[in-house]
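Colleague: Based on the provided sequences and hints, a complete structural model is requested.
Protein chains in written order, with numbering that gives the first Met the number 0: chain A, 0 to 430; chain B, 0 to 430.
A hint or two may mislead.
Since copy identity is lost for identical chains, a pair holds within one copy or between any two.
What the hints assert, rightly or not - Below, a list of computed lysine to any residue pairs in the SDA-like style, where the Cα atoms sit at most 25 Å apart: (1) K30 to S120; (2) K30 to A254; (3) K30 to G118; (4) K47 to G357; (5) K374 to V411; (6) K30 to A323; (7) K374 to D414; (8) K47 to V37; (9) K30 to R18; (10) K30 to E142; (11) K175 to A231; (12) K374 to A403; (13) K30 to Q324; (14) K47 to V21; (15) K30 to T253; (16) K30 to A273; (17) K374 to Q324; (18) K30 to R330; (19) K30 to L113; (20) K30 to V336; (21) K374 to R398; (22) K47 to R18; (23) K175 to S189; (24) K374 to L33.
Please keep in mind that the hints were generated in silico from the structure rather than gathered at the bench.
One letter stands for each residue in the lines below.
Number of protein chains: 2
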Amino acid sequence: MRVGIGILGFGTVGGALLRKLVEEGSSVSTKTGLEIEVVRVAVRDLAKDRPVALADGVLTDNPLEVVNDPGVQLVVEIMGGEEPAGDLVAAALRAGKPVVTANKALIASRGEELIGIAGQSGVPLLFEAAVAGGIPIIRPLSETLAGEQIDRVLGIVNGTTNYILTKMTEEGAEYKAALAEAQELGYAESDPTADVSGADAAAKAAILASLAFGTWVGSDRVYTEGIEHIGATDVRIAAELGYVIKLLAVAENTAEGISVRVHPAVVPAAHPLAVIRGATNAVFVEGPSFHELLFAGPGAGGAPTATAVLGDVVDAARELLAGAQVAPPIRFQPGRVLDFESATTTWYLRLEVADRPGVLAQVAGVFADNDVSIKSVWQEGEDDGATLLLVTHANNEGRQRASAAALRSLEVVRDVAAVIRVEGAGPTPNL
Amino acid sequence: MRVGIGILGFGTVGGALLRKLVEEGSSVSTKTGLEIEVVRVAVRDLAKDRPVALADGVLTDNPLEVVNDPGVQLVVEIMGGEEPAGDLVAAALRAGKPVVTANKALIASRGEELIGIAGQSGVPLLFEAAVAGGIPIIRPLSETLAGEQIDRVLGIVNGTTNYILTKMTEEGAEYKAALAEAQELGYAESDPTADVSGADAAAKAAILASLAFGTWVGSDRVYTEGIEHIGATDVRIAAELGYVIKLLAVAENTAEGISVRVHPAVVPAAHPLAVIRGATNAVFVEGPSFHELLFAGPGAGGAPTATAVLGDVVDAARELLAGAQVAPPIRFQPGRVLDFESATTTWYLRLEVADRPGVLAQVAGVFADNDVSIKSVWQEGEDDGATLLLVTHANNEGRQRASAAALRSLEVVRDVAAVIRVEGAGPTPNL
Numbered sequence: 000m001r002v003g004i005g006i007l008g009f010g011t012v013g014g015a016l017l018r019k020l021v022e023e024g025s026s027v028s029t030k031t032g033l034e035i036e037v038v039r040v041a042v043r044d045l046a047k048d049r050p051v052a053l054a055d056g057v058l059t060d061n062p063l064e065v066v067n068d069p070g071v072q073l074v075v076e077i078m079g080g081e082e083p084a085g086d087l088v089a090a091a092l093r094a095g096k097p098v099v100t101a102n103k104a105l106i107a108s109r110g111e112e113l114i115g116i117a118g119q120s121g122v123p124l125l126f127e128a129a130v131a132g133g134i135p136i137i138r139p140l141s142e143t144l145a146g147e148q149i150d151r152v153l154g155i156v157n158g159t160t161n162y163i164l165t166k167m168t169e170e171g172a173e174y175k176a177a178l179a180e181a182q183e184l185g186y187a188e189s190d191p192t193a194d195v196s197g198a199d200a201a202a203k204a205a206i207l208a209s210l211a212f213g214t215w216v217g218s219d220r221v222y223t224e225g226i227e228h229i230g231a232t233d234v235r236i237a238a239e240l241g242y243v244i245k246l247l248a249v250a251e252n253t254a255e256g257i258s259v260r261v262h263p264a265v266v267p268a269a270h271p272l273a274v275i276r277g278a279t280n281a282v283f284v285e286g287p288s289f290h291e292l293l294f295a296g297p298g299a300g301g302a303p304t305a306t307a308v309l310g311d312v313v314d315a316a317r318e319l320l321a322g323a324q325v326a327p328p329i330r331f332q333p334g335r336v337l338d339f340e341s342a343t344t345t346w347y348l349r350l351e352v353a354d355r356p357g358v359l360a361q362v363a364g365v366f367a368d369n370d371v372s373i374k375s376v377w378q379e380g381e382d383d384g385a386t387l388l389l390v391t392h393a394n395n396e397g398r399q400r401a402s403a404a405a406l407r408s409l410e411v412v413r414d415v416a417a418v419i420r421v422e423g424a425g426p427t428p429n430l
Numbered sequence: 000m001r002v003g004i005g006i007l008g009f010g011t012v013g014g015a016l017l018r019k020l021v022e023e024g025s026s027v028s029t030k031t032g033l034e035i036e037v038v039r040v041a042v043r044d045l046a047k048d049r050p051v052a053l054a055d056g057v058l059t060d061n062p063l064e065v066v067n068d069p070g071v072q073l074v075v076e077i078m079g080g081e082e083p084a085g086d087l088v089a090a091a092l093r094a095g096k097p098v099v100t101a102n103k104a105l106i107a108s109r110g111e112e113l114i115g116i117a118g119q120s121g122v123p124l125l126f127e128a129a130v131a132g133g134i135p136i137i138r139p140l141s142e143t144l145a146g147e148q149i150d151r152v153l154g155i156v157n158g159t160t161n162y163i164l165t166k167m168t169e170e171g172a173e174y175k176a177a178l179a180e181a182q183e184l185g186y187a188e189s190d191p192t193a194d195v196s197g198a199d200a201a202a203k204a205a206i207l208a209s210l211a212f213g214t215w216v217g218s219d220r221v222y223t224e225g226i227e228h229i230g231a232t233d234v235r236i237a238a239e240l241g242y243v244i245k246l247l248a249v250a251e252n253t254a255e256g257i258s259v260r261v262h263p264a265v266v267p268a269a270h271p272l273a274v275i276r277g278a279t280n281a282v283f284v285e286g287p288s289f290h291e292l293l294f295a296g297p298g299a300g301g302a303p304t305a306t307a308v309l310g311d312v313v314d315a316a317r318e319l320l321a322g323a324q325v326a327p328p329i330r331f332q333p334g335r336v337l338d339f340e341s342a343t344t345t346w347y348l349r350l351e352v353a354d355r356p357g358v359l360a361q362v363a364g365v366f367a368d369n370d371v372s373i374k375s376v377w378q379e380g381e382d383d384g385a386t387l388l389l390v391t392h393a394n395n396e397g398r399q400r401a402s403a404a405a406l407r408s409l410e411v412v413r414d415v416a417a418v419i420r421v422e423g424a425g426p427t428p429n430l
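Modeller: Put into structure tokens, the structure is as follows:
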């Protein structure tokens with residue numbers, strides 16, 4: 000069966016997708032039973048050389064021509080950016096054309112609205128490639144686990160920061176050196192802000208949380224902290240204590256409400272996420288029925304992302320050709336999204352303190368005053384002072400912050416040199 | 000939207016599924032938009048106490064009444080065993096009723112025929128729970144990766160043997176002691192043959208290979224070797240050399256043909272499958288586009304398996320209610336399935352040899368005569384002899400066997416004490 004598709008964008012993912020569809024089309028056809036014909040492709044610059052040769056008249060620099068072409072039955076949006084991508088996707092959906100997108104920023108910002116339009120038009124809007132590019136995670140969350148209670152999602156969803164943190168862990172590199180190497184190798188952009196600030200991961204965390212809990216969470220509700228302040232010292236100390244530092248996307252559904260956040264986290268070395276190295280992504284899902292599931296694979300890259308896009312294209316094309324909308328439109332229920340101050344967190348703190356008797360008693364007193372209890376303490380003496388490492392028990396983020404503020408005002412505390420949250424403690428999962 | 004289902008079997012998985020559908024039905028309904036009504040349930044013994052109360056007239060001891068009940072629109076087969084399960088599934092499919100099954104033995108033995116009947120009837124036959132119970136792996140293989148080339152699938156798909164091998168690795172236990180403990184804790188049956196012989200894993204390997212490569216592989220074509228002969232000595236030596244011993248399902252698609260096998264394997268400690276502990280299952284998939292994907296989670300257990308069954312029920316119910324068959328019936332292409340002797344393998348050998356000069360030269364000569372090259376050798380001297388540990392380079396299984404046979408005939412070789420294949424060597428994956 001034949002389906003005509005239009006593609007918005009011809010970058011790395013577009014090149015990989017077109018190579019599959021045009022150059023290896025017959026193999027895709029044998030495997031899926033679908034003849035996917037690329038009818039129109041929108042590019043910014045018609046004059047640029049392209050890695051895959053397309054028939055005359057397929058390329059256009061007007062994306063609306065792709066959306067409106069009567070031969071285009073299904074639209075693939077891989078141009079990126081929020082606009083005009085968002086308006087083009089909305090237009091395609093309103094015209095009754097299924098849309099496949101890899102655009103996490105768009106889904107995080109306008110997802111609720113676009114999913115609503117798709118529902119009204121009775122056509123699918125699929126975005127497997129938007130989170131953790133090459134890993135099939137959206138479909139398991141929204142289909143296989145559709146009837147299940149999901150309590151928690153922990154994810155390494157940004158390859159750049161995981162690459163940098165892996166270098167820091169394995170080679171003792173400082174942040175700046177590891178970032179420079181990531182830039183040299185093409186794992187980080189020349190302006191790395193979106194990655195290292197956690198903004199990219201926050202958009203993905205918002206999408207994961209929305210699907211896992213069935214309540215729409217905008218990325219503006221995601222507490223976001225990057226890795227710029229992580230130093231080699233804490234990476235080394237964490238390793239000595241049996242931990243690894245990762246940038247985690249954390250989505251929790253508790254009795255008090257939903258908490259979604261992205262921040263560096265100290266993770267026990269035995270946790271399955273601790274062994275995820277380099278630019279790889281992984282998502283760890285917890286729930287009472289299925290216990291713990293781990294999905295891991297390439298987080299980005301042209302070919303893996305094109306795989307996810309193609310899977311969605313096949314799925315959407317089959318629905319289109321069957322003339323039926325099988326999955327009901329995703330409906331989000333209202334739910335309470337917690338401010339980060341109300342979320343429950345566990346803290347690792349590194350304090351630079353005076354090396355004299357009674358310091359620990361004063362420090363412990365501050366935690367007690369704020370109702371935060373201390374789980375463990377290590378002390379490293381030095382010539383002119385001492386380093387105190389503490390891990391607290393889980394408590395309200397607000398109370399943990401109040402403790403830190405009070406510590407700063409102690410005369411014996413020279414510096415609260417590092418605050419990193421702890422995740423994934425508790426019994427070691429079997430995977 | 001309402002759908003009436005019939006269930007064949009009310010064991011552990013049935014209990015967990017009925018708890019979800021009957022006791023937590025409203026939550027399933029909110030999340031999926033489906034009202035799943037349990038119309039009939041077939042049990043062997045009507046007098047037995049059941050953990051979930053069902054309305055009068057729902058239970059029957061005649062499974063055909065479930066299949067034939069006009070109110071049953073969809074059949075869930077969780078009675079296990081090949082017959083009468085197979086004939087009941089075939090009857091339901093012929094009557095145009097979608098079937099969801101968790102029965103790996105049935106799919107491995109009659110899958111091709113039953114998938115064919117489903118295709119003719121235009122209704123889905125879904126079996127997510129049949130392989131690695133709680134892990135969503137069937138759907139990613141058959142949908143997300145539908146258009147992709149898959150080169151290799153490596154899986155830990157039997158929880159009992161992984162539990163036993165984990166005990167042997169972490170506590171130095173001998174096989175018999177670890178098995179006894181697994182039996183005490185309920186991880187192994189009183190007759191553990193199906194698990195420890197590799198037969199259970201072989202059925203799953205056959206299903207994974209068939210879906211991954213699109214060529215039907217019967218479980219009788221799977222070379223199968225169990226873990227009964229694995230001793231604490233080789234587990235310890237493997238650990239010293241940086242390896243872990245796992246029972247692996249291996250499915251490879253090479254230029255020469257398809258190779259599917261289940262055997263104990265020596266796996267590098269840095270491989271993602273090496274860290275899968277206890278009764279957990281994991282499946283590692285390799286292909287040129289998506290590189291490496293890892294799926295891990297609970298391999299069995301009532302609740303996780305019921306999660307997978309419910310995901311399939313929701314999927315099948317949606318297709319049924321949409322009145323459309325969206326995914327085309329799976330069609331298997333003919334393909335060449337290799338005899339194990341023709342497959343490419345890498346061997347770890349432990350030889351007990353005389354401790355005198357020239358032994359290694361003789362041993363190396365035997366390998367050279369068979370065109371097998373040696374990758375590494377370690378020697379451990381003892382009072383009355385020596386232990387020689389060898390890892391070969393990848394070669395034809397037949398040649399490796401010929402080398403072993405020739406070694407046995409050497410006067411200086413007292414015993415070829417262990418032969419374990421090596422898998423997952425090569426560059427360490429980033430996950």
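Colleague: Could you run down the list of hints and mark each one as holding or not?
Modeller: Going down the list of hints, with the structure as the test:
1. K30 to S120: This pair counts as between: shortest inter-copy Cα distance 21 Å, intra-copy 29 Å.
2. K30 to A254: Intra 46 Å, inter 18 Å, cutoff 25 Å: inter-copy only.
3. K30 to G118: Between. Shortest inter-copy distance 16 Å satisfies the 25 Å Cα cut-off; intra-copy 29 Å does not.
4. K47 to G357: neither (70 Å within a copy, 67 Å between copies)
5. K374 to V411: The answer is within: 21 Å in one copy meets 25 Å, while 59 Å across copies does not.
6. K30 to A323: Both: 22 Å inside a chain and 21 Å across chains, each within 25 Å.
7. K374 to D414: within (21 Å within a copy, 54 Å between copies)
8. K47 to V37: within (19 Å within a copy, 60 Å between copies)
9. K30 to R18: Result: close within a single copy only, 16 Å intra versus 38 Å inter.
10. K30 to E142: both (22 Å within a copy, 11 Å between copies)
11. K175 to A231: Within one copy only: 10 Å inside, 47 Å across.
12. K374 to A403: within (16 Å within a copy, 56 Å between copies)
13. K30 to Q324: The answer is both: 23 Å in one copy and 17 Å across copies each meet 25 Å.
14. K47 to V21: within (19 Å within a copy, 60 Å between copies)
15. K30 to T253: between (43 Å within a copy, 17 Å between copies)
16. K30 to A273: Answer is neither; intra-copy 36 Å and inter-copy 32 Å both fail.
17. K374 to Q324: For K374 and Q324, neither the intra-copy (52 Å) nor the inter-copy (56 Å) Cα distance is at most 25 Å.
18. K30 to R330: between (33 Å within a copy, 9 Å between copies)
19. K30 to L113: Between copies only: 20 Å across, 31 Å inside.
20. K30 to V336: Between copies, since 18 Å is at most 25 Å while 43 Å is not.
21. K374 to R398: For K374 and R398, the Cα distance is within 25 Å only inside one copy (15 Å; across copies 58 Å).
22. K47 to R18: For K47 and R18, the Cα distance is within 25 Å only inside one copy (17 Å; across copies 60 Å).
23. K175 to S189: Classified as within; 13 Å inside a copy, 58 Å across copies.
24. K374 to L33: Neither: 58 Å inside a copy, 46 Å across copies.
Of the numbered hints listed earlier, those contradicted by the structure are 4, 16, 17 and 24.
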